[in-house]
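S.K.: Read off the chains here:
There are 2 protein chains.
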Amino acid sequence: MTAIHKATPEDAPRILPLMASFHAEEGTEADDAHRHNALMPLLDGSHLGEVFIIGPRIAPIGYVVITYGWSIEFGGKDAFVDEVYLRPKVRGRGLGSEVLLAVGRYLAEAQITAVHLEVDHDNTTAIAMYEKTGFQMRGRYGLMTRRLT
Amino acid sequence: MTAIHKATPEDAPRILPLMASFHAEEGTEADDAHRHNALMPLLDGSHLGEVFIIGPRIAPIGYVVITYGWSIEFGGKDAFVDEVYLRPKVRGRGLGSEVLLAVGRYLAEAQITAVHLEVDHDNTTAIAMYEKTGFQMRGRYGLMTRRLT
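In the order they appear, the protein sequences are chains W and S.
Quick note on this note's numbering: the first sequence kicks off at 10 and runs consecutively.
Quick note on this note's numbering: the second sequence kicks off at 10 and runs consecutively.
Hints are not guaranteed to be accurate.
Residues from chain S shown here face chain W by an in silico Cβ test under 8 angstroms; the list is partial [to be verified]:
#	residue
1	G58
2	G113
3	V128
Note that these hints are calculated values from the structure, not bench results.
Built from N, CA and C at the ideal position, the CB exists for glycine as well.
Model the full assembly from the supplied sequences, consistent with the hints where possible.
M.R.: Here is the structure:
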């Protein structure tokens, strides 16, 4: 069983390089300053999200960013798996499912009504893993976004 | 120009029937108790969202529920149009676009990075209206949800 630990501001130097690797892999347009500014409020105790380190704190093998919102449909506070990343070398061993199930238990205990995530329609491996851990595609709906900044 | 007003707990008796009409129209499974419990924390000042009444406070023609979250990708606080409803009789006059643009200005002033919404892929009228007000479909991605309660 791989442990997950709630991250604190002291963990930033170990999370930021993992996040840079994730963004490079995903093609997300974000530089180091963007990542620092987006991550620190969550480590500093924002009520809008929290971060978990996967594996040993001194040498993490990945991280999960959980963000919180509210949903009339689900009837209360809900959550997003905003980012989840595992180092390439530790993939394919079921760690991703293990982490998502642990996060699900944590959120259920905190009375969160539902947890969502966005997945690339072409990423069939990820979709299968998410389905195995209880996620269902909201296939009827599409997500639309308007950037404001 | 149709005004939008931030709703307070005193507006609940006028918002709840509109919300019931919206849920009936959408086929959302929610009863009056569910709606009351999901709405009141937002009217009571939760940091996770707020509600706006469309039109006169004593006889609203609709409402918008905005919820807040956080996004590493967008680099800060983001928002969802969780629900937007206009009475059937006032539709087709461009009021929906007007309301979304007003909400967008409000969110941009509040330094919100991006605003999202979910739309039924078959609802081409809504998609066209959202595109006109600056929303773009995140077509590459699907939303997956796991209920926890």
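S.K.: Are the hints correct? Go through all of them and say.
M.R.: Going through the hints against the structure:
no.: 1; hint: G58; in the structure: holds (4 angstroms)
no.: 2; hint: G113; in the structure: holds (7 angstroms)
no.: 3; hint: V128; in the structure: holds (6 angstroms)
Hint compliance for this structure: no hint is broken.
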